[in-house]
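Chemist: So the sequence lines, in the order shown, correspond to chains A and B. Residue numbering for the first sequence follows the numbering used here, beginning at 16 and increasing consecutively. Residue numbering for the second sequence follows the numbering used here, beginning at 16 and increasing consecutively.
Everything labelled a hint here was simulated from the structure, so no lab data went into it. Take these hints with a grain of salt, some might be off.
Each pair of labels, with its calculated beta carbon distance range [to be verified]:
(1) Ile18(A) / Tyr271(B): 40 to 46 angstroms
(2) Asn274(B) / Tyr30(A): 58 to 64 angstroms
(3) Val332(A) / Glu315(B): 41 to 47 angstroms
(4) Lys83(A) / Glu336(B): 15 to 21 angstroms
(5) Tyr30(A) / His61(B): 44 to 50 angstroms
(6) Asp303(A) / Asp303(B): 54 to 60 angstroms
(7) Glu315(B) / Leu59(A): 31 to 37 angstroms
(8) Lys342(B) / Tyr225(A): 33 to 39 angstroms
No experiment lies behind these values; they were computed from the predicted model shown. Don't be surprised by glycine CBs; every beta carbon is placed ideally from N, CA and C.
2 protein chains.
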Amino acid sequence: MNISELIYTDNISNYIDESNSVLIIDKKVYSLFPEFNTFKKTLLFHSSEINKSFYSINKILNFFIENKLSRNSKVYAIGGGTLLDTVGFAASIYKRGINIINVPTTLLSMADASIGGKNAINFNNTKNIIGTFYLPIQVLINLNFLNTLENKHFKSGLLEIVKISLLFSKELFNFININQLKDIRNSKIIIEKIIKEAVHYKTKLVMEDYYDVGRRKLLNYGHTIAHSIELTRKIPHGIAVGYGMLLMQKYAENYYGANPELSITLIKLISKLRIKPFIFELSEIELDLVFQDKKLSNKEIDIVFLKDYEYPIIKRVSINELRNKIKNMS
Amino acid sequence: MNISELIYTDNISNYIDESNSVLIIDKKVYSLFPEFNTFKKTLLFHSSEINKSFYSINKILNFFIENKLSRNSKVYAIGGGTLLDTVGFAASIYKRGINIINVPTTLLSMADASIGGKNAINFNNTKNIIGTFYLPIQVLINLNFLNTLENKHFKSGLLEIVKISLLFSKELFNFININQLKDIRNSKIIIEKIIKEAVHYKTKLVMEDYYDVGRRKLLNYGHTIAHSIELTRKIPHGIAVGYGMLLMQKYAENYYGANPELSITLIKLISKLRIKPFIFELSEIELDLVFQDKKLSNKEIDIVFLKDYEYPIIKRVSINELRNKIKNMS
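With the hints as extra help, turn the sequences into a complete structure.
Modeler: So, in structure tokens, the structure goes:
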């Protein structure tokens with residue numbers, strides 16, 4: 016498989032070929048960046064977890080049909096991960112796949128959702144259960160979008176990048192760690208370097224295991240509990256991933272001899288980013304959400320932790336045992 | 016891409032691994048073949064054009080979720096093209112793709128729909144507009160299913176095979192042509208040879224151009240008008256394709272010097288199969304259906320015709336011109 020073309024630019028509009036194409040734009044981005052107001056075939060999308068649904072897919076597919084898009088047409092998806100996930104799925108099933116160009120507008124989506132071709136919507140109360148593997152032909156990155164990003168969402172994106180760095184590059188981790196948040200936010204040079212490195216490592220892994228049957232599972236580091244505490248504690252995804260990595264490292268220290276420096280560094284970083292300290296004690300509701308269904312408790316899942324920097328382990332463990340150990344860890 | 020494993024067997028049940036799998040079966044097949052009654056996790060599907068819809072996809076996805084299918088689970092799809100198309104699409108989007116095993120029960124689906132990984136549903140009054148490319152891991156063919164197939168559906172399947180033979184193997188075409196319909200129906204040796212050859216040529220083409228951007232378009236031979244006259248004249252798909260090939264050959268004789276033996280042979284074959292002779296005159300309604308939208312009439316489409324046996328041509332023509340020429344051909 017070919018990886019998408021990646022372009023860094025200060026002017027997205029210059030790259031938009033309006034003939035034979037449509038734009039689907041996040042409502043908030045549309046109001047903040049007037050450069051997109053001149054395009055005619057535009058659908059505004061209200062990005063929210065509830066809109067990652069078949070209802071939205073229906074609306075988007077009808078929009079494609081109204082505009083008589085062919086397989087050679089182009090769809091520009093302009094927004095964060097929620098939008099890219101939803102539009103990407105719609106594009107992948109319209110006429111068995113129409114060209115899509117991702118324009119990520121959040122740090123999280125620049126470094127993660129826009130890369131690698133995994134899309135998804137929610138269904139039957141299950142997050143991301145419906146989707147396809149489908150690569151955009153192009154990813155257009157404009158760092159100026161980050162100027163209007165809320166601080167908590169910036170931190171969220173940064174922690175997904177921290178995840179990548181812990182997995183693959185202690186050097187990148189140290190670079191993030193030595194810089195203050197305000198310097199990362201204010202220096203285009205610093206943030207560009209960070210994003211480029213993160214994209215590099217993610218892309219490399221995706222090319223190794225596009226269909227997520229092997230090493231790509233490493234990207235689930237921190238995610239075992241993230242989806243559930245994201246819901247219960249109402250925190251952005253990346254922050255939940257930060258907490259998730261910390262929990263996994265504590266677990267791995269206790270049971271698999273992981274280097275304790277990792278959890279110490281993570282706690283320090285979380286504090287430096289002025290994120291609330293993680294409360295290790297998961298409620299029964301949270302544990303139920305993580306392990307979904309008690310009937311499954313005799314089954315096994317893959318977890319990811321680090322033995323040391325750049326030394327990740329994928330381990331198959333019994334759900335029952337993991338649940339009990341996590342419960343008693345606080 | 017890897018092509019699906021193909022197995023010919025007289026006993027499908029032997030190949031069904033019930034642990035970690037579900038069956039989706041055509042209602043009629045289920046009542047005719049009691050061998051499937053013993054399986055527990057079974058969903059019955061009423062095969063009809065109207066059920067190639069998101070409504071069915073919703074039902075199938077819920078069935079997958081109820082049975083807690085993982086990406087490693089297997090779905091056995093047992094039925095004709097309509098069922099395989101619908102179940103195949105659902106399987107391709109559940110958790111970004113779950114294993115599917117096709118068990119085609121009609122001649123048309125044995126030689127065509129079960130092979131090559133194209134699936135689709137209808138949406139917004141447009142046939143097959145939503146779908147994916149997604150290969151089954153296995154195709155299980157039991158020729159005994161054909162014993163209960165209605166004659167008109169047998170003929171329909173045979174004409175899709177005739178299409179393949181005209182495109183790629185005059186030898187196969189002659190073999191079909193020298194046998195009487197009743198001999199083909201009654202001799203397992205004859206029909207097995209015919210199906211195997213057809214599958215061989217289709218598979219070869221699919222491997223050359225899986226994503227249907229080049230030579231795979233040859234399989235559209237006879238299909239330009241097929242979908243519309245299928246609807247208006249209420250005839251099975253393959254018979255419409257037979258008429259469609261005939262119309263294309265007449266057109267190609269008139270305008271591109273095609274060998275007239277082809278249309279003569281097709282007329283003879285259609286008559287030998289006791290199919291009503293084709294009425295060349297297409298109604299305005301049919302022409303509108305073929306060319307969909309008058310606003311598109313300044314656009315171009317790809318048509319396929321034969322210059323001679325095994326000598327297919329893909330030609331880009333103006334919709335307007337084609338419409339007028341077809342209209343005045345009767």
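Chemist: Now look at each hint and say whether the structure bears it out.
Modeler: Here's how the hints hold up against the structure:
no.	hint	verdict
1	Ile18(A) / Tyr271(B): 40 to 46 angstroms	holds (42 angstroms)
2	Asn274(B) / Tyr30(A): 58 to 64 angstroms	violated (50 angstroms)
3	Val332(A) / Glu315(B): 41 to 47 angstroms	violated (58 angstroms)
4	Lys83(A) / Glu336(B): 15 to 21 angstroms	holds (20 angstroms)
5	Tyr30(A) / His61(B): 44 to 50 angstroms	holds (48 angstroms)
6	Asp303(A) / Asp303(B): 54 to 60 angstroms	holds (56 angstroms)
7	Glu315(B) / Leu59(A): 31 to 37 angstroms	holds (33 angstroms)
8	Lys342(B) / Tyr225(A): 33 to 39 angstroms	violated (48 angstroms)
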